[in-house]
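Below are the chains, spelled out letter by letter.
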Amino acid sequence: MITELGHFALILAALVACVQAVVPMIGAHKRWPGWMAVAEPAATAQFLLVLISFAALTHAFVTSDFSLRLVVLNSHSAKPMLYKISGVWGNHEGSMLLWVLILSLFGALAAWFGGNLPPTLRARVLGVQAMVGVAFFAFILLTSNPFLRVAVPPFDGQDLNPLLQDPGLAFHPPFLYLGYVGLSICFSFAVAALIEGRVDAAWGRWVRPWTLLSWMFLTIGIALGSWWAYYELGWGGFWFWDPVENASFMPWLLAAALLHSAIVVEKREALKSWTILLAILAFGFSLMGTFIVRSGLLTSVHAFATDPERGVFILGILVIFTGGALTLFAARAGAMQAKGVFGIVSRESALVANNILLAVACFVVFVGTLWPLVAEMLFGRKLSVGAPFFNMAFTPFMVMLGLLLPIGAMLSWKRGKIGRVMRQLAPALGLAIAVAGLFWTIQSGRSLLGPVGLFLGTWLIAGAITDLLSRVGQSRDYSRLLRLPRADWGKAVAHAGLGVTMAGIAGLMAWQQEDIRVAELNQPFELGGYEFELLGVERVRGPNYFSTMGEVAVRQDGAEIAHLYPEKRDYPVAKMPTTEAAIDYRFLRDIYVVIGDPQQSGGWTMRVYIKPLANWIWAGCIFMALGGILSLTDRRFRVAAGARKAAPAKGVPAE
Amino acid sequence: MMRFVLTLGFVLIASIAQAVQPDEILDDPALEARAREISQGLRCLVCQNENIDDSNASLARDLRLLVRERIMVGESNEEVVDYIVDRYGEFVLLKPTTGGWNWLLWAAGPLLFLFAMATGALYIRGRSRATASTEAGLSAEEKARLEQILKD
Chain A
1420 MITELGHFAL ILAALVACVQ AVVPMIGAHK RWPGWMAVAE PAATAQFLLV LISFAALTHA
1480 FVTSDFSLRL VVLNSHSAKP MLYKISGVWG NHEGSMLLWV LILSLFGALA AWFGGNLPPT
1540 LRARVLGVQA MVGVAFFAFI LLTSNPFLRV AVPPFDGQDL NPLLQDPGLA FHPPFLYLGY
1600 VGLSICFSFA VAALIEGRVD AAWGRWVRPW TLLSWMFLTI GIALGSWWAY YELGWGGFWF
1660 WDPVENASFM PWLLAAALLH SAIVVEKREA LKSWTILLAI LAFGFSLMGT FIVRSGLLTS
1720 VHAFATDPER GVFILGILVI FTGGALTLFA ARAGAMQAKG VFGIVSRESA LVANNILLAV
1780 ACFVVFVGTL WPLVAEMLFG RKLSVGAPFF NMAFTPFMVM LGLLLPIGAM LSWKRGKIGR
1840 VMRQLAPALG LAIAVAGLFW TIQSGRSLLG PVGLFLGTWL IAGAITDLLS RVGQSRDYSR
1900 LLRLPRADWG KAVAHAGLGV TMAGIAGLMA WQQEDIRVAE LNQPFELGGY EFELLGVERV
1960 RGPNYFSTMG EVAVRQDGAE IAHLYPEKRD YPVAKMPTTE AAIDYRFLRD IYVVIGDPQQ
2020 SGGWTMRVYI KPLANWIWAG CIFMALGGIL SLTDRRFRVA AGARKAAPAK GVPAE
Chain B
1271 MMRFVLTLGF VLIASIAQAV QPDEILDDPA LEARAREISQ GLRCLVCQNE NIDDSNASLA
1331 RDLRLLVRER IMVGESNEEV VDYIVDRYGE FVLLKPTTGG WNWLLWAAGP LLFLFAMATG
1391 ALYIRGRSRA TASTEAGLSA EEKARLEQIL KD
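Chains as they are written, first to last, in my numbering: chain A, 1420 to 2074; chain B, 1271 to 1422.
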């Protein structure tokens, strides 16, 4: 019964979205206030209906209702509760329901916090948002219905893929979707502005918090996925340049660019058409990510949704929305003339450079991801584009970005002086050179990667601190730091976070140490100054798996510093094993231990890694997200997002 | 989401062995280092975008052993890679060659960068020479609203 209610609510939501996509748009065109006003209650109703639908599906998973096809395929009664819930989105149909839930959530948020938008703009934003919604409701109901029953329910389910039964991965998709789908609001704002035919400073200010929010969620989502890969896949890789990873990374790069170009729109009323284009492309790339993941076009091995019908449907959505928006852009972009004036050396120019680097980096990822397809279709060559290509082609742009960032971030608006900024940044530069030099001499004869990464990391972190300190001015009154706008803190924290991540990536890639051997019981061995000893191996039983658990003592200078329990698990229902690496997390390095199979000659295969600065990669992402949160709580944004009660009533022209 | 697909890839190649095994490792550390370097550039054919050095698949193990065999015969890194490409096609190369139209793949980023730099430079020059007169383009009503929003 509850399931049927959920199904029904989803259909109703689709109908509400149809109304919301048409009525407010006509209202905005004809300037009929009553028709425009339909948008807000419709957005709220749409969200509540999808929420009911999602709750119904969750209920089915939680109560292990095996009369539902989706539950049978992705759940099991013995599965821990957390994974019963995360199982809701651990499959194609359920994840699409999560997708529309978030889409309608953002629509509702825009309705609730859009009080101070001009009525026509608000009606159009919500109308465009609902159009995207209609397409995805149709997709779910026609090709991927999660509420299908089975005629003869089995006694138990087939369990969720064990690799997905992990806390990191349980929350990875919701965050990623919040980011992907959050960009839909920027898209709706861009299209609505194109229909209105005007983009001004206020528009830039309205779009920024939404971009910031999506970017922040994308950052967290990508970091969670990468962290999961690090500890779960058994050798500590954190990024594989896989098409599916790239699909999430491209919107992140574009959202970061959009974040910065919207600042120029707000401050200087310049870069307007470029910002609109970015907003369209950022969401377009999100849609493309969905398409890549679910069509099976680029990944030869996949099981999410191999159905070509679904792939074609999403391709249709992608073409209609991105194509339509770009056509509208081509027709209207000419009308948007830049207004502000700024010098060649200025913060504005630095932000243009930021956009160039981020957009080109995104383009490199895009070309690399799609090239195997192009090569096969046009030249009949079956080839691969893997990590070595991306590392070579992508990294230079990130290095340039890192070099320019602290300088650009401190240049004055309108007309800056490089000399003045460089004088302020001299200590930061000196420190960065010293750190790089130190590590260059220590490592001797290896690649440049480590020192360059640490140089950039130090330069970015010290640069962010310099930026904050410069705001204190000559007064040396450091309490002023606390009174700085939160957005300034957000900027510094996020930029420093990028530095932390860069240092972490370089450190891990340059100085990782590895040892692979057959470890005999109670026979210590050494790696990187640490002594490891396998003390014992036990068979352990978990809630829905069996585990071979090793016990490893790690010693430094004879004293034990860690006791690790690497596991190899077997999930009998899903019939597959997973490795659970045991990691001793420390500030400067991780010790990463993996246990393998028993050997006939006695002993177990063991892999031990020393991974310098590994945690910095994700710590930096946390800093970046934190910077986003700080900026979002800045008073100006709260006002711009319309959270203030007094704002809507006055000063809005009656259009 | 991205991870789901990757993981589901792993399902299909359910592990028999685990990446590099102790019994594969060559006695000479210098030769082993070369083998590892070569392995990291070769794609496991049955996996999803994984190199044979990291892969658990049995085919990857066969390839790893083959790489070591060729190294022991005394071939250079390039000869080993050529040997494997001859048998498995250029699909195994994770780093595509620059041959044929592939130059476009490698040049795409730098070319766009140059183009974007030129466009950006022209735009910035235009902005620095523009007169500020157009800034008064708002109507009084719009100005009032803008001011109110910015003031808040």
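I should point out that these hints are in silico values taken from the structure, not numbers from a laboratory. Backbone N, C-alpha and C fix where the C-beta goes; we use that ideal spot for every residue, glycine too. Keep in mind that a hint or two might mislead.
Each pair of labels, with its calculated beta carbon distance range [what the hints assert, rightly or not]: (1) A:1810 x B:1296: 19 to 27 Å; (2) B:1292 x A:1501: 44 to 52 Å; (3) A:2018 x B:1296: 38 to 46 Å.
Once the Cα atoms are required to be at most 30 Å apart in a straight line, the calculated DSS-like pairs of lysine-lysine come out as [as the list claims (entries may be wrong)]: (4) A:1758 x B:1413; (5) A:1686 x A:1758; (6) B:1365 x A:1836; (7) A:1833 x B:1413; (8) A:1836 x A:1758; (9) A:1686 x A:1801; (10) A:1801 x B:1365; (11) A:1833 x A:1758; (12) A:1833 x B:1421; (13) B:1365 x A:1686; (14) A:1686 x A:1833; (15) B:1365 x A:1449; (16) A:1758 x B:1421; (17) B:1421 x A:1836.
Right, here's what the structure says about each hint:
1. A:1810 x B:1296: 19 to 27 Å: Holds: the Cβ-Cβ distance is about 26 Å, inside 19 to 27 Å.
2. B:1292 x A:1501: 44 to 52 Å: Since the Cβ atoms of residue 1292 of chain B and residue 1501 of chain A sit about 36 Å apart, the hinted range of 44 to 52 Å is violated.
3. A:2018 x B:1296: 38 to 46 Å: violated (18 Å)
4. A:1758 x B:1413: The hint holds at about 14 Å.
5. A:1686 x A:1758: Answer holds: residue 1686 of chain A to residue 1758 of chain A is near 10 Å, not above 30 Å.
6. B:1365 x A:1836: violated (42 Å)
7. A:1833 x B:1413: holds (21 Å)
8. A:1836 x A:1758: Given that 30 Å is the threshold and the Cα spacing comes to 23 Å, the pair holds.
9. A:1686 x A:1801: Answer violated: residue 1686 of chain A to residue 1801 of chain A is near 48 Å, above 30 Å.
10. A:1801 x B:1365: The hint holds at about 13 Å.
11. A:1833 x A:1758: holds (13 Å)
12. A:1833 x B:1421: holds (20 Å)
13. B:1365 x A:1686: Given that 30 Å is the threshold and the Cα spacing comes to 43 Å, the pair is violated.
14. A:1686 x A:1833: holds (10 Å)
15. B:1365 x A:1449: violated (57 Å)
16. A:1758 x B:1421: Holds - the C-alpha atoms of residue 1421 of chain B and residue 1758 of chain A are around 20 Å apart, at most 30 Å.
17. B:1421 x A:1836: holds (28 Å)
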